[in-house]
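**Q** Spelled out from the first residue to the last, the chains are:
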Amino acid sequence: EAGVAQSPRYKIIEKRQSVAFWCNPISGHATLYWYQQILGQGPKLLIQFQNNGVVDDSQLPKDRFSAERLKGVDSTLKIQPAKLEDSAVYLCASSGGTGGSEQTQYFGPGTRLLVL
Amino acid sequence: SQQGEEDPQALSIQEGENATMNCSYKTSINNLQWYRQNSGRGLVHLILIRSNEREKHSGRLRVTLDTSKKSSSLLITASRAADTASYFCATGGAQKLVFGQGTRLTINP
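Order-wise, the sequence lines are chains A and B. Residue numbers for the first sequence follow our numbering, so the first one is 2 and each next one is one higher. Residue numbers for the second sequence follow our numbering, so the first one is 2 and each next one is one higher.
Extracted from the complex, chain B is given alone in its bound form (with noise of 0.2 Å):
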């Protein structure tokens, strides 16, 4: 079974604005990552944040976890093209990752 459930499903919108995606999980958990799969390609790791952190930035990229609440929510800003892909929230225990089944985001020019 899956841990992480990401909301939502499929996102579209226009170049330029921001994306929020959200990731709810049911267990305790060491660290939470989101990752990145574009089209026919392996995924490719975007941000980790551990349990103990509440809100990570990366480029154009904000994580946030709120452990009470068993969620995160991943931001990009100013969003661009090339951000069109499958984006995953993956719970991590003992080095093992649960992915959820993803959030499709199309970018519009």
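The following block holds chain A by itself, in its conformation from the complex (with noise of 0.2 Å):
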């Protein structure tokens, strides 16, 4: 079974500039979250979907930050404009297997995001 996948990888930006990440999370899964991981901290939460429907977005910068689930499988995450406080690894996770582990997430190797 293939694990989340995101992309890019890495990502230099300066300030002001726009960045967007991909992430297509373990087929079948209806659940996709986007997290945010400043260095030396836990991830964070910014949006939680459920199919295509956006389940939690409280922690989203919704001035910034934009996220879109098409068609209930792939997702988007936006930033416009950065800022320097946007530095992070964006980490994208899915769940909603089953035997028992609906609640399990399952994330992918992340977006190292460096704003100058």
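Keep in mind that the hints were calculated from the coordinates and are not lab data. A virtual CB, placed ideally from N, CA and C, is assigned to each residue, including glycine. Keep in mind that a hint or two might mislead.
Claimed, not checked - Selected chain B positions facing chain A (Cβ under 10 Å, derived; list incomplete):
| # | residue |
| --- | --- |
| 1 | D8 |
| 2 | P9 |
| 3 | T28 |
| 4 | N31 |
| 5 | Y36 |
| 6 | G43 |
| 7 | C90 |
| 8 | G93 |
| 9 | V99 |
| 10 | F100 |
| 11 | Q102 |
What the hints assert, rightly or not - With a cut-off of at most 27 Å between alpha-carbon atoms, the simulated BS3-like pairs for lysine-lysine come out as follows:
| # | chain 1 | residue 1 | chain 2 | residue 2 |
| --- | --- | --- | --- | --- |
| 12 | A | K16 | B | K70 |
| 13 | B | K27 | A | K16 |
| 14 | B | K97 | A | K72 |
| 15 | A | K12 | B | K27 |
| 16 | A | K84 | B | K70 |
Said to hold, decoys possible - The following label-pair restraints were derived from C-beta to C-beta distances:
| # | chain 1 | residue 1 | chain 2 | residue 2 | range |
| --- | --- | --- | --- | --- | --- |
| 17 | A | E69 | B | L76 | 40 to 46 Å |
| 18 | A | K72 | B | Q15 | 48 to 54 Å |
| 19 | B | Q15 | A | G73 | 45 to 51 Å |
Hints given; two lone chains; assemble the complex.
**A** What follows is the structure in structure tokens.
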């Protein structure tokens, strides 16, 4: 079974530029999450999708961050314009397996963003 | 805000020794999960313990949960160099996880 795929793995941009991250979850997983992990901290949930609907985006800075999950599969997370404090690893995860693993989240490798 | 708080923040032991990490949380939970993160990589799920369970084992891992004290512990027995990583507890509600800040574990050869 293929894992969660993310791209790009690394991105360096200047402040005020825009950037987009892509995530492909595990096949069949209905729930998709985007997390922000700042160096030395635990992941912080930005947005959670159930199929193509938003379940929780309470911690998403909506003035600059946006996310979509078209057709309930792939998802993109965009930052426009980026700020220095957006430098972090952006992790995508999915869940929705069977056999007792419904609540387990499977993470992709992350995209490391550096804003200069 | 993060619900789980791991203790200690960093732990360094010799290979072969046991490592114990603790997690405390504030509100009611459905389950508590432990994840491992190797340097520069994504998180890997280790074990899930439900609120009505007190102890769970998986290989060299042993997790306990005390809901009356709102705390959990992760024990790694017979540690190996490959166990060097950051370990996070995450408290689960309705499919939503809230992560702590993690314990950085270093296994010295």
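**Q** Below or equal to 27 Å on CA atoms is what counts here, so check K27 (chain B) against K16 (chain A).
**A** Violated, at about 37 Å.
**Q** So if I understand the rule, the pair passes when the alpha-carbon distance is 27 Å or less; does K84 (chain A) with K70 (chain B) pass?
**A** The hint is violated at about 40 Å.
**Q** Would the hint on T28 (chain B) be counted as holding, given a Cβ-Cβ threshold of 10 Å to chain A?
**A** violated (15 Å)
**Q** Tell me if the straight-line CA distance from K97 (chain B) to K72 (chain A) falls inside 27 Å.
**A** holds (22 Å)
**Q** Could one say that the CB atoms of E69 (chain A) and L76 (chain B) fall in the range 40 to 46 Å?
**A** holds (42 Å)
**Q** Let's test the interface hint: is any C-beta of chain A closer than 10 Å to that of D8 (chain B)?
**A** Check failed: Cβ of D8 (chain B) comes no nearer than 14 Å to chain A, outside 10 Å.
**Q** Hinted pair, alpha-carbon criterion (27 Å max): K16 (chain A), K70 (chain B). Please report holds or violated.
**A** violated (45 Å)
**Q** With the threshold set at 27 Å, check whether the alpha-carbon distance from K12 (chain A) to K27 (chain B) stays at or below it.
**A** Roughly 36 Å separates the two Cα atoms, so the pair is violated.
**Q** Q15 (chain B) and G73 (chain A), beta-carbon distance inside 45 to 51 Å?
**A** holds (49 Å)
**Q** With 10 Å as the cut and Cβ atoms as the points, is G43 (chain B) at the interface with chain A?
**A** Cβ of G43 (chain B) sits 4 Å from chain A, so the hint holds.
**Q** Hint check: is the beta carbon of C90 (chain B) less than 10 Å from a beta carbon of chain A?
**A** holds (9 Å)
**Q** Was the hint right that V99 (chain B) lines chain A, CB cutoff 10 Å?
**A** Hint on V99 (chain B): holds, closest Cβ of chain A at ~7 Å, below 10 Å.
Checked against the numbered hints listed earlier, the structure breaks hints 1, 2, 3, 12, 13, 15, 16; every other hint is satisfied.
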